[in-house]
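Protein chains in written order, with the working numbering: chain A, 178 to 553; chain B, 7 to 280; chain C, 536 to 809.
Treat the hints with care, since some could be wrong.
What the hints assert, rightly or not - Below 30 Å or equal to it, Euclidean Cα-Cα: the simulated DSS-like pairs (lysine-lysine) are:
no., chain 1, residue 1, chain 2, residue 2
1, B, 269, C, 692
2, A, 201, C, 620
3, C, 696, A, 246
4, C, 696, A, 358
5, A, 238, C, 620
6, C, 692, B, 171
7, B, 92, C, 541
8, B, 171, C, 537
9, A, 183, A, 358
10, C, 627, B, 171
11, A, 351, C, 696
12, C, 537, B, 193
13, C, 696, C, 620
14, A, 210, A, 348
15, B, 92, C, 537
16, A, 522, A, 407
17, B, 97, C, 537
18, A, 309, A, 351
19, C, 541, B, 97
20, C, 696, C, 624
21, A, 188, A, 522
22, A, 334, C, 696
23, C, 696, A, 238
24, C, 696, A, 309
25, C, 541, B, 193
For the record, the hints were derived by calculation from the structure and aren't laboratory data.
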Amino acid sequence: MDQNTKIIELKGVCKSFDDEPVLKDLCLDIHDKEFITLLGPSGCGKTTTLRIIGGFETADKGELYFMGKEISDVPPYKRHVNTVFQRYALFPHLNVFENIAFGLRIAKTPEKEIVERVQEMLALVNLKGFEKRTVSTLSGGQQQRVAIARALINHPKVLLLDEPLAALDLKLRKDMQNELKALHERTGITFVYVTHDQEEALSMSDTVVVMNDGIIQQIGTPEDIYNEPKNAFVADFIGESNILDGVMIDDYRAKFAGHTFECLDKGFEKNEPVDIVVRPEDVDIVDVEKGMLTGVVTSVTFKGVHWEIIVDIQNFKWMIQTTDYCAPDSTIGIYIEPDAIHVMKKSEYSNMFGDYSSYSEEFDELSDAEAEIEEE
Amino acid sequence: MKKRSFIERFAAVPHSVWALLFIVAPLIFVVYFAFTDTYGNFTFDNITMLSSYTHIFVLSVCFALIATVICLLIGYPLAFFISQLKPKTQKLLVVLLMLPMWISLLIRTYSLLALLDNGGLFNSLLEKLGFERVKIVGTSGAVILGMVYDFLPYMVLPIYTSVSKLDARYLEAAHDLGCNNIKTLFKVVLPLSVPGVISGITMVFVPSISTFYISQKLGGGSFDLIGDTIERQFQNVSTYNMGAAISLVMMILILISVAVMNKFSDGDEGSVIV
Amino acid sequence: MKTLSKIYIWVIFALLYAPIIILVLFSFNRAGSLNHFSTFSLYWYKELFRDPTALNALKNSLYLAVGSSLLATVIGTFAALGINKMRNKFFKNALTSVTNIPMMNPDIVTGVSMMLLFVAAASMPFLPIKFGAVTMLIAHTTFNLPYVILSVLPRFKQMDKHLTEAALDLGCTPAQTFFRVELPSILPGVISGLMLGFTLSLDDFVISHFVSSPDFQTLPLYVYNQTAHEVKFSMYALCALMVFVILGLLLAVNFAGSKGKNKKAKVLPMGGIQ
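Take these sequences, add in the hints, and give me the full structure.
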C-alpha cells in the first residue's frame, strides 16, 4: 500500500442544504489504493462527502483535488471515479450484461472488447451465466454484485460505495464484507466506503474516518479508533463505553469515581478535567473487598458469548461484559487494569454519552432503525 | 443543492409558453369580451343583462343537481357492490365501466335518442305489448335521463376507487367492535369514501350543467340550458360578448361550487380541482 | 344480499350498454329502420364509404389525432421532466394548476375561450389565423397536454433518482442520460399519455365545435351536423365504427397500462430487502 500518494484531497469543504450546514470546513486526504471508510450516524455528512467526490453535489466552499488537479467543476461523467449506489440503482430496462456493459457502450468500446470485459467482470463478482437475466429477477446480493461490476468495468481510479450493504440481511452482509475486501485487494483500486455500521467499518477498512455534525471527529486505523478514541462521541459510537468525568492528577494518575487509578496517559496539565473511557470488556469483576470500586448489579442480560450487566456505582451506571454470572441486586467489586483506562480531553460531547442509566435493548434497536433511513 | 442539467432546467419552458398562450390568454379574452361591447368599448351591460338569463341558470342548476343526485343514488351502491367482488371480476367491470366514457358523448346520446324516440325501439315494443306509445323525448325527464345515462360512469369510478382502497382491516375492526353490515357501511365505509363521492359529484355536475347536446337532442329543443344559450350566442358575431359573460359567470359558479365541495373532503383525493 | 347486489350490477350494466349495443346491431340492418330487423348487411357501411364528406372527416380526424397527440406528448414529456426537477415551489404549483385548467373547466368554456383567442388573433393584421386545421391542432394539443403530463409525471417521480446519477457516473452526458436511461424508464407513461391523447382528440366534439370551420370537419363534427337534421342510417354505421375503434384503442391502452404496472411490480424488489 502506498500511503504517500494522495489521490483525493478535500480542503475546507463547506456545504449547506436550505441553510442547514451539513459539512463544516472538512479536510480529508485519501491515499491511493487504501480502503477508507466514512463512518457516522445518519445526517453526519458522510454521504454528502461521497456525493461531492462523485460530482453529484457541489461544495459551497472549498477545494476538491483529484490526483493533484482541482475538479470541483468537472461533471460526474468526466470524473475517473465510479459509484456503487445505495440500493444499487441498476437500470431496470437492461439485463445484467447490458447493465455491466453500460459504461463501455457509452465510451463506444468495440463490441468484442465489451464482451471480453463483461465476462471478466462477471467472473470477478461470481455471476457467470447470469448475463441474460433481468435485474429484477436477481436477489439482493446478486444485484449488489452487478452494481459493483458495473462500477468497476470502467477501471476507475476510485470506487465510491454508498452504504452498499445496508439493504442486505445480516448473513449476506457478512459474506459481502469479505468479498468486498477481497475485491479491494485484487483490483488495487481505492475504495471510499460510507456506512453507519461501526462493525463493518472496523472489520473492512485500512482507515476509518469518524464523522458527526459535518465534522471529522477522528481519522485513524480501526485499532486506533477503538483503542484511543479522541473524544466521548467516538468512544460512544464505536463499541460500548463507560465514559466518566475525571481529573488528571498527574502523569499516569487519573482520578474518577472517587478513586485514583493508575493509567498509561500523560501530558495533561495537573488537575486537568478529562473524560475517562473504560470499555465494558476491560472491567474485571472481583470480590467486594478486593475491588477498587464496589457497586450493585441492577440488570443482567445474556448475550451468548458473555453476560452484559449494568452495575450502579455511586449512582453512575456502568456496563460490564463478563463471562461470569452475577446475580441481580448482588454487590460486586471491580478492578480496572491501567491499560484499560483511556483518558480524553474534554470536548463538546463530554457528559452526553457513556452512562447506561437509560439503557435498554429496545432503545438500541430503535436508534438502529433510525439510522437505516436513507440520509439526504 | 443538486446540480440540474441544462435539459432539466429548461425542459418545461415550451410547455410554459404554450400554457400561457393557449390556456391563460384565452381565459383573459373571455374576461375581456365579457366586459366590452361589439366595438371593444368597456361596458357592464353584458353583466347587467345576465339577469334576464336567471331562469336559464336556475333551470340548468336544477337539472344538473337532480341528475347528480340520481347518479349518486345509483352509483354509490354500484361502486360498493363492485368493490365486494373477486379482484378479477372487479377489474373487468371497471374496464366495462370505463368503456362508455370513451365512446363519444354524441354517439351515446344519439343511441339513447334512437331508442327512446317516438318511432324508436322502446315505443314499438310498448305498442307490440299492447300499451300506448309514450312521449319521452322532449320532456324534462328525458334530458335528466340523458345526463344520468351519459355521466353515471364518472360518478361510479371515483367512488369505486375510494371504496376499494379501504383497508379491509377497518371493516374487520368495525365488525369486531360490534357493527353489523349496515352499521359498518354507514359508520365506516361511507365516511371514508367521502373524497370519492365529492370527486364523483364534481365529475357529474360540471358536464351536466354545461351540456348542450343532450338538451338539444333529448329535450327536443324545448329546454334552454346554459350550454345551449352559450352555444347560440357564439353562432353570431354580435352576441360573442354576451356569450363570454355567460361563460364567465358559469365558470365562476362552477369554480365556487367545486371549491366548496372540496372543503368537505380532506383534500388529497378531491383531485378534480388541482 | 350477495345475489341481490349481483342482480343490481347486471341491471345497471345492461341499461348502460343497451342503447350502444342496439345502435351497433341495427347498423347492420338492411331495412334502415329501428323497428324491425330485416337482414344482416353491410349496406350502410358501404353507403358511408361512398360519402366523400365522411371519408374526408375521417382523414381529418386521424391526422389531427396523430398530430396533436404527438405534439402534446413531446411537449408534455419534457414538461414533466422539468416540473419534476423544478425548485421554485410557487412556479411549480402555478404551472401545474394552469396545466390542469382545461381538465377541470367545462369543455364548452375551454372551447369558447380558445375561439375568442383565435377571433382576436385573426383580427390582427400580422397574424393571419384562419379557423380550421391550425386552430384545431392548437386546441387539441392544449387539452391533451394535461393528460400526457398526468401520466408521465408520476413515472418521473417513481424513478429512482440514483438511476440518473448512475448513468452520469458511468459516463453519460445529461442528454445521453435522458435518452438512454430516463426515457426508457418513463416509456410506459409516455405511451399511455400518447394513446390517451389520441383517443381524446378522436373523441372530442365540444371544443372542436367552437374552434373549427366547415372546411375542416372531424368525425364527431360530421356526426353532429348529420344528426342535426333528418338522420341518415349510415350515421348508425359510422357510430358503430367509432365504437369499435374506441374499444380497440381502450383495450390497447389498458394492455400497455397493465404491462407498465407489471413492470413496476417487478421493479419493486429492486428496492432491496428492507
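A quick look at each hint next to the structure:
1. The hinted pair formed by residue 269 of chain B and residue 692 of chain C meets the criterion: a straight-line CA distance of about 27 Å does not exceed 30 Å.
2. The suggested pairing of residue 201 of chain A with residue 620 of chain C holds, with an alpha-carbon distance near 27 Å, which does not exceed 30 Å.
3. The hinted pair formed by residue 696 of chain C and residue 246 of chain A meets the criterion: a straight-line CA distance of about 29 Å does not exceed 30 Å.
4. About 28 Å separates the Cα atoms of residue 696 of chain C and residue 358 of chain A, which keeps this hinted pair within 30 Å; it holds.
5. Among the hinted pairs, residue 238 of chain A with residue 620 of chain C is consistent with the structure: their alpha-carbon atoms are about 24 Å apart, no more than 30 Å.
6. Of the pairs offered as hints, the one joining residue 692 of chain C and residue 171 of chain B holds, with about 21 Å between alpha carbons and a cut-off of 30 Å not exceeded.
7. Of the pairs offered as hints, the one joining residue 92 of chain B and residue 541 of chain C holds, with about 12 Å between alpha carbons and a cut-off of 30 Å not exceeded.
8. Restraint check for residue 171 of chain B and residue 537 of chain C: satisfied, since their Cα atoms lie roughly 20 Å apart, inside the 30 Å limit.
9. Between the alpha carbons of residue 183 of chain A and residue 358 of chain A the distance comes to roughly 21 Å, so the proposed pair stays at or under 30 Å and holds.
10. At most 30 Å may separate the alpha-carbon atoms for a hinted pair to count; residue 627 of chain C and residue 171 of chain B meet this at roughly 29 Å.
11. For the given pair, residue 351 of chain A sits about 28 Å from residue 696 of chain C by alpha-carbon distance, which is consistent with the 30 Å threshold.
12. Between residue 537 of chain C and residue 193 of chain B the CA atoms are separated by roughly 21 Å; this keeps the pair inside 30 Å, and the hint holds.
13. Pair hint residue 696 of chain C plus residue 620 of chain C holds up; C-alpha atoms about 11 Å apart against a cutoff of 30 Å.
14. About 28 Å separates the Cα atoms of residue 210 of chain A and residue 348 of chain A, which keeps this hinted pair within 30 Å; it holds.
15. For the hint linking residue 92 of chain B to residue 537 of chain C, the alpha-carbon distance of about 12 Å falls within 30 Å, and the restraint holds.
16. Distance hint between residue 522 of chain A and residue 407 of chain A is fulfilled; the C-alpha atoms sit about 8 Å from each other, no more than 30 Å.
17. A distance of roughly 18 Å separates the Cα atoms of residue 97 of chain B and residue 537 of chain C; the hinted pair therefore holds under the 30 Å criterion.
18. Taken as a hint, the residue 309 of chain A and residue 351 of chain A pair is honoured in the structure, with Cα atoms around 28 Å apart against an allowance of 30 Å.
19. Proximity of residue 541 of chain C to residue 97 of chain B is assessed by CA-CA distance (about 15 Å); at most 30 Å being required, the pair is judged to hold.
20. Proximity of residue 696 of chain C to residue 624 of chain C is assessed by CA-CA distance (about 19 Å); at most 30 Å being required, the pair is judged to hold.
21. Distance check on the hinted pair: residue 188 of chain A and residue 522 of chain A sit about 26 Å apart at the alpha-carbon level, within 30 Å; holds.
22. Restraint check for residue 334 of chain A and residue 696 of chain C: satisfied, since their Cα atoms lie roughly 24 Å apart, inside the 30 Å limit.
23. With a C-alpha separation of about 25 Å, the suggested pair residue 696 of chain C and residue 238 of chain A falls inside the 30 Å cut-off, and the hint holds.
24. A threshold of 30 Å between alpha carbons decides the hint, and for residue 696 of chain C with residue 309 of chain A the separation of about 25 Å falls inside it, so the pair holds.
25. A C-alpha spacing of about 23 Å is found between residue 541 of chain C and residue 193 of chain B, which places the hinted pair at or below 30 Å, so the restraint holds.
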